[in-house]
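Each chain, written out:
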Amino acid sequence: MLSTYRYPKFEYRPAPEQLAGRTQRHPVVIVGAGPVGLAAAIDLAQSGQPVVLLDDDDTVSVGSRGVCYAKRTLEILDRLGLGEPCVTKGVSWNVGRTFFREEEVYNFNLRPQEGHKRPGMVNLQQYYLEEFEITRARQLPALDIRFRNKVVSVAQDGDKVILQVETPDGIYALEADWLVAADGARSGIRRMLHLDVEGKIFKDRFLIADVVMKADYPPERWFWFDPPFHRNQSVLLHHQADNVWRIDFQLGWDADPEEEKKPENVIPRIKAMLGDEREFELEWVSVYTFQCRRMHSFRHDRVLFVGDAAHQVSPFGARGANSGIQDTDNLCWKLKLVIDGQAPATLLDSYSDERVFAADENLMNSTRSTDFITPKTKTSLTFRNAVLELARDNPFARALVNSGRLSVPTFLTGSVLNTPDSADFAGDMIPGAPMDDAPMHEDGSDFWLLDRVGNGFMALVHVADPARLDGETAARFRALAAAPIPVEVVLVAPVAGPAPAGLRVFVDRAGRYAERYDSQTGTTYLLRPDQHVAARWRNFDAAALQAALARATCNC
Amino acid sequence: MPLTLQPNFHEAGTRYFRPFSPGDDFYEALIETHRDLSDEQSDLVNAKLILLLANHIGDLAVLREAMRLARARL
Numbered sequence: 382m383l384s385t386y387r388y389p390k391f392e393y394r395p396a397p398e399q400l401a402g403r404t405q406r407h408p409v410v411i412v413g414a415g416p417v418g419l420a421a422a423i424d425l426a427q428s429g430q431p432v433v434l435l436d437d438d439d440t441v442s443v444g445s446r447g448v449c450y451a452k453r454t455l456e457i458l459d460r461l462g463l464g465e466p467c468v469t470k471g472v473s474w475n476v477g478r479t480f481f482r483e484e485e486v487y488n489f490n491l492r493p494q495e496g497h498k499r500p501g502m503v504n505l506q507q508y509y510l511e512e513f514e515i516t517r518a519r520q521l522p523a524l525d526i527r528f529r530n531k532v533v534s535v536a537q538d539g540d541k542v543i544l545q546v547e548t549p550d551g552i553y554a555l556e557a558d559w560l561v562a563a564d565g566a567r568s569g570i571r572r573m574l575h576l577d578v579e580g581k582i583f584k585d586r587f588l589i590a591d592v593v594m595k596a597d598y599p600p601e602r603w604f605w606f607d608p609p610f611h612r613n614q615s616v617l618l619h620h621q622a623d624n625v626w627r628i629d630f631q632l633g634w635d636a637d638p639e640e641e642k643k644p645e646n647v648i649p650r651i652k653a654m655l656g657d658e659r660e661f662e663l664e665w666v667s668v669y670t671f672q673c674r675r676m677h678s679f680r681h682d683r684v685l686f687v688g689d690a691a692h693q694v695s696p697f698g699a700r701g702a703n704s705g706i707q708d709t710d711n712l713c714w715k716l717k718l719v720i721d722g723q724a725p726a727t728l729l730d731s732y733s734d735e736r737v738f739a740a741d742e743n744l745m746n747s748t749r750s751t752d753f754i755t756p757k758t759k760t761s762l763t764f765r766n767a768v769l770e771l772a773r774d775n776p777f778a779r780a781l782v783n784s785g786r787l788s789v790p791t792f793l794t795g796s797v798l799n800t801p802d803s804a805d806f807a808g809d810m811i812p813g814a815p816m817d818d819a820p821m822h823e824d825g826s827d828f829w830l831l832d833r834v835g836n837g838f839m840a841l842v843h844v845a846d847p848a849r850l851d852g853e854t855a856a857r858f859r860a861l862a863a864a865p866i867p868v869e870v871v872l873v874a875p876v877a878g879p880a881p882a883g884l885r886v887f888v889d890r891a892g893r894y895a896e897r898y899d900s901q902t903g904t905t906y907l908l909r910p911d912q913h914v915a916a917r918w919r920n921f922d923a924a925a926l927q928a929a930l931a932r933a934t935c936n937c
Numbered sequence: 034m035p036l037t038l039q040p041n042f043h044e045a046g047t048r049y050f051r052p053f054s055p056g057d058d059f060y061e062a063l064i065e066t067h068r069d070l071s072d073e074q075s076d077l078v079n080a081k082l083i084l085l086l087a088n089h090i091g092d093l094a095v096l097r098e099a100m101r102l103a104r105a106r107l
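Here the protein sequences line up with chains A and B, keeping their order. Position in the first sequence (from 1) plus 381 gives the number in our numbering. Position in the second sequence (from 1) plus 33 gives the number in our numbering.
Don't read these hints as lab results, they were simulated from the structure. Please note that the accuracy of each hint is not assured.
Claimed, not checked - Quick list of in silico lysine to aspartate or glutamate cross-link-like pairs, EDC-like style, CA-CA up to 20 Å:
1. B:K81 to B:D69
2. A:K757 to B:E61
3. A:K581 to B:D69
4. A:K531 to A:D558
5. A:K757 to A:D730
6. A:K757 to B:D69
7. A:K759 to B:E65
8. A:K470 to A:E601
9. A:K581 to B:D76
10. A:K757 to B:D72
11. A:K759 to B:D72
12. A:K652 to A:E662
13. A:K584 to B:E65
14. A:K584 to B:E61
15. A:K643 to A:D623
16. A:K584 to B:E73
17. A:K759 to A:D774
18. A:K759 to B:D69
19. A:K643 to A:E660
20. A:K759 to B:E73
21. A:K584 to A:D637
22. A:K757 to B:E98
23. A:K757 to B:D76
24. A:K541 to A:E512
25. A:K470 to A:D459
26. A:K757 to A:D851
27. A:K757 to B:E73
28. A:K759 to A:E662
29. A:K757 to B:E44
30. A:K759 to B:E61
31. A:K498 to A:D851
32. A:K581 to B:E73
33. A:K498 to A:D817
34. A:K584 to A:E639
35. A:K541 to A:D730
36. A:K757 to A:D635
37. A:K759 to B:D76
38. B:K81 to B:E65
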C-alpha cells in the first residue's frame with residue numbers, strides 16, 4: 382500500500398519521578414494523547430496550568446480515522462492556536478449531496494450564512510491534527526508530555542488519584558489532584574475503576590478505504606443510498622488532504638471483516654464505483670462496527686472522563702472527535718478555576734451535566750442517522766425508500782433524508798450555570814448558546830468575533846458611541862477586570878470612536894453582531910471562557926452581572 | 034388550503050435550533066410506532082394511521098392530491 386504520510390516517532394525519556402526515585406504530586410494528569418487529550422492538555426497549559434500528559438504510544442494515530450472537523454471544533458482549535466494549520470492543510474467544505482440509486486435527492490449546506498470565519502467542516506486525516514497538536518503542545522512550558530507511559534493501575538484515595546505507570550525503564554508511581562481520562566473507547570482508566578458505559582452495538586459492518594487518486598470532484602460530502610455500484614447498501618465519499626479520498630462502504634452484519642480487508646476484495650469495489658479507467662492506490666483499509674453508548678456521569682470524584690472514554694457515537698455525523706474536543710472546551714476553564722480555588726469542585730459536576738446533555742443529543746442524532754441509513758425491518762426500509770422517492774420533488778421529504786446530521790454544537794439550554802432571560806430577545810443567542818461568529822473591527826483592523834473572545838469571562842456592552850461613555854461607568858467596567866474572577870468588559874459599537882482609557886471597542890460595522898445577538902444600545906452579554914452565553918440583559922447592571930458570574934462559576 | 038409540500042413538522046412548546054430536528058423527531062416517532070411488530074401488524078398500523086390522518090385533514094381535494102402524488106412514479 383502507498384503512503385502519503387511519514388509517521389513521526391516521539392522520543393521517550395525517563396520520567397522525573399524515575400530519575401529522582403520518589404513520587405511526585407501533580408495538579409493535573411491527563412491520560413491519552415489523542416486529539417482530545419492533547420486539546421485538554423494544550424488548553425490547560427496555555428492558561429499557565431502545569432499538566433502531565435501520559436500516552437502509551439510514541440507516534441500519532443495510525444490510519445486516517447477521524448477525518449471531519451466541524452466549524453465549532455475549528456473555533457476551539459483557533460482558541461488553542463491550531464485552527465490555521467488544520468484549515469490550511471485540510472479540505473474545507475460546506476455542501477453535502479445525497480444520491481438515491483442514480484439521482485441526487487437532497488443536498489445541504491452546513492454554512493448557509495456568510496460572515497463566519499470558519500467553514501462548516503474541514504476534512505483532515507487524524508494524524509495531521511495530532512501532529513499539529515503535538516507541535517503546539519511542545520511550545521508550552523507548563524506541559525510535560527510523556528510518551529510510552531502506560532497507566533497500569535489507578536486508585537482514588539481521598540483528595541488524590543494514585544497511578545502506576547509502566548515505561549521501558551520499569552514502573553513508577555504518580556499522584557494527581559485531578560485525572561482527566563482521555564484514553565479512548567476502550568478506556569483503561571474506566572475499566573480499572575470498574576465504571577460502566579451503557580448503550581448498544583449496531584449490527585452492521587463498514588469498510589473504510591483511504592485511496593490516493595487525482596480527481597477533480599468538488600470538495601463536498603457525497604453519500605449514496607443503494608447506488609448501482611454497491612446495491613442495497615450505502616456508500617460515503619470524503620476528500621482529505623494530499624489527494625487522499627475516504628470511501629466508506631456499508632457491508633452488512635454477515636460480512637467477514639478479514640476477507641473484506643484484503644486488497645483483492647477492496648479494489649473491485651472501488652473500481653465499480655470510480656470506473657475502470659481511474660487510477661488509484663490504496664493507502665489504508667479497515668473494517669469497523671460501532672456502538673452508541675455513554676457513561677452515566679463524566680465525573681467520578683477526582684477523575685474526569687472526556688471524548689470516546691465517556692461516550693461513543695456512530696460515525697455518521699462526525700460527532701466523535703468533534704464532541705470530544707468540545708468536552709475539553711467545556712472542562713478546562715472549570716478545572717482551572719477549581720484548581721485556583723476560585724470555584725468549588727461542584728463546578729465540575731456542571732461539566733458532566735452539560736456534556737452528558739450534549740452527548741445525548743449526539744447519540745440521538747447519530748442513532749437516528751444510523752436507523753435511516755441501515756433500516757432494521759421491512760417497514761423501516763419501505764418508509765426510508767418512500768422518503769427518498771418523494772425527496773426528488775418534495776421539499777418536506779428532502780428535510781427527512783438523513784444521511785448523517787453533521788456535528789453542530791449543543792445549546793446548553795438546561796444548564797444550572799445559565800441565568801434565565803429577564804427581557805425579550807429575538808434569535809438563538811440564548812443563555813447556554815454556543816456563540817455565533819461575526820465580522821468585527823478594532824483599531825483599524827478587521828477580525829472575527831470568536832478570535833477575540835474566550836479563555837476568560839467577558840462582557841460585551843453595546844454602546845451607541847464609545848466616546849460618550851462617562852468616566853464613572855468606565856471605572857466600574859475596569860474594576861470588573863481586576864476582580865478575583867476577572868470579567869473583561871468590551872464595548873460593542875456601530876461606529877468607531879475613542880473609548881475611555883483601558884477599555885477596548887469592537888466595532889460592528891456590518892451590523893452582523895447586532896443582528897445575530899439582537900443587540901441594541903445597552904444590551905449586555907456575559908460570555909463564558911468557552912464562548913457560550915452565560916447571561917444577557919437589555920441594560921448593564923453591575924449587580925446582575927456579578928450574580929450571573931457567581932452562578933456561572935457555582936459560587937452562589 | 035392546498036397540500037403542503039414544504040417542511041411543516043413542529044410541536045408546541047418545543048424550540049428547535051436546527052432545521053432538521055422537527056422532521057427527525059417525527060420520523061423517530063414513526064419508526065418507534067412499529068417497534069417489535071410483525072410485517073403484517075405494521076401494514077395494519079400504517080393503514081389505520083392513514084385513515085386517522087385523512088379524517089383529521091378532511092379536505093378531500095387535499096387528500097386526492099396526496100393520493101395522486103403517492104401513486105405517481107411507481
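Against the structure, the hints:
no. : hint             : in the structure
1   : B:K81 to B:D69   : holds (17 Å)
2   : A:K757 to B:E61  : holds (13 Å)
3   : A:K581 to B:D69  : holds (17 Å)
4   : A:K531 to A:D558 : holds (19 Å)
5   : A:K757 to A:D730 : violated (37 Å)
6   : A:K757 to B:D69  : holds (11 Å)
7   : A:K759 to B:E65  : holds (14 Å)
8   : A:K470 to A:E601 : holds (16 Å)
9   : A:K581 to B:D76  : violated (28 Å)
10  : A:K757 to B:D72  : holds (12 Å)
11  : A:K759 to B:D72  : holds (7 Å)
12  : A:K652 to A:E662 : holds (11 Å)
13  : A:K584 to B:E65  : holds (18 Å)
14  : A:K584 to B:E61  : holds (19 Å)
15  : A:K643 to A:D623 : violated (24 Å)
16  : A:K584 to B:E73  : violated (24 Å)
17  : A:K759 to A:D774 : violated (24 Å)
18  : A:K759 to B:D69  : holds (12 Å)
19  : A:K643 to A:E660 : holds (19 Å)
20  : A:K759 to B:E73  : holds (10 Å)
21  : A:K584 to A:D637 : holds (13 Å)
22  : A:K757 to B:E98  : violated (31 Å)
23  : A:K757 to B:D76  : holds (16 Å)
24  : A:K541 to A:E512 : violated (31 Å)
25  : A:K470 to A:D459 : holds (14 Å)
26  : A:K757 to A:D851 : violated (66 Å)
27  : A:K757 to B:E73  : holds (16 Å)
28  : A:K759 to A:E662 : violated (38 Å)
29  : A:K757 to B:E44  : violated (27 Å)
30  : A:K759 to B:E61  : holds (16 Å)
31  : A:K498 to A:D851 : violated (34 Å)
32  : A:K581 to B:E73  : violated (27 Å)
33  : A:K498 to A:D817 : holds (10 Å)
34  : A:K584 to A:E639 : holds (17 Å)
35  : A:K541 to A:D730 : holds (17 Å)
36  : A:K757 to A:D635 : holds (14 Å)
37  : A:K759 to B:D76  : holds (10 Å)
38  : B:K81 to B:E65   : holds (16 Å)
Figure legend: structure checked against the earlier numbered hints; hints not met, in rising order: 5, 9, 15, 16, 17, 22, 24, 26, 28, 29, 31 and 32.
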